[in-house]
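**Student:** Sequence:
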Amino acid sequence: MLVHDTVATGRSQAEIDQIRQSLRSRYDELTAEYEQAVLQSQVLRLVEVGDTAGDDQADSGTKTAERDTAQSLLRTILDRRAQFEHALTRLDEGTYGFCEGCSAPIPVERLEIFPSATSCVACKQTRERRAA
1 MLVHDTVATG
11 RSQAEIDQIR
21 QSLRSRYDEL
31 TAEYEQAVLQ
41 SQVLRLVEVG
51 DTAGDDQADS
61 GTKTAERDTA
71 QSLLRTILDR
81 RAQFEHALTR
91 LDEGTYGFCE
101 GCSAPIPVER
111 LEIFPSATSC
121 VACKQTRERR
131 AA
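So for the sequence shown, the UniProt record's numbering puts the first residue at 1; every next one is plus one.
Don't take every hint at face value.
Taking CB as the label site, the calculated pair distances span [unchecked claim]: (1) R130 / D92: 28 to 38 Å; (2) L39 / E93: 26 to 36 Å; (3) G101 / G10: 12 to 22 Å.
If you are wondering where the hints come from, they were derived from the structure by calculation, not from laboratory data.
Fair warning: this is a prediction, and the values are worked out from it, not measured in the lab.
Beta carbons are placed, not taken as given, at the ideal position from N, Cα and C, and that holds for glycine.
Could you build all of it, start to finish, from the sequences and the hints given here?
**Tutor:** Next up, the structure:
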């Protein structure tokens with residue numbers, strides 16, 4: 001499918017452009033959020049390096065927990081950004097809005113809530129049941 005094939009996707013070029021703008025905007029927000037989180041993580045490391053005198057086990061544990069939390073945040077932001085990048089690629093390929101599992105259209109309501117969704121509700125529920 002091509003993006004410009006409005007018969008296959010059921011979307012006008014204006015709708016596709018609006019979706020692209022929305023996805024790109026969120027991708028850019030996540031990029032800025034990631035860059036800010038990296039800076040905060042670097043500051044945390046600098047403070048850690050300069051402030052280790054007199055640390056006991058509790059201080060060490062707290063610093064480790066803070067470092068782990070910062071790394072987890074970075075991974076989460078990168079994962080979310082990758083999801084939006086994938087959504088933009090799917091939009092360019094003309095497959096955005098269709099389930100990767102069964103090829104059925106993903107409900108507009110789901111895409112409004114979760115714009116980077118790649119599966120319909122039924123396929124998502126099936127995948128979650130298998131994972132449990």
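**Student:** Which numbered hints are broken by the structure, listed smallest first?
**Tutor:** none
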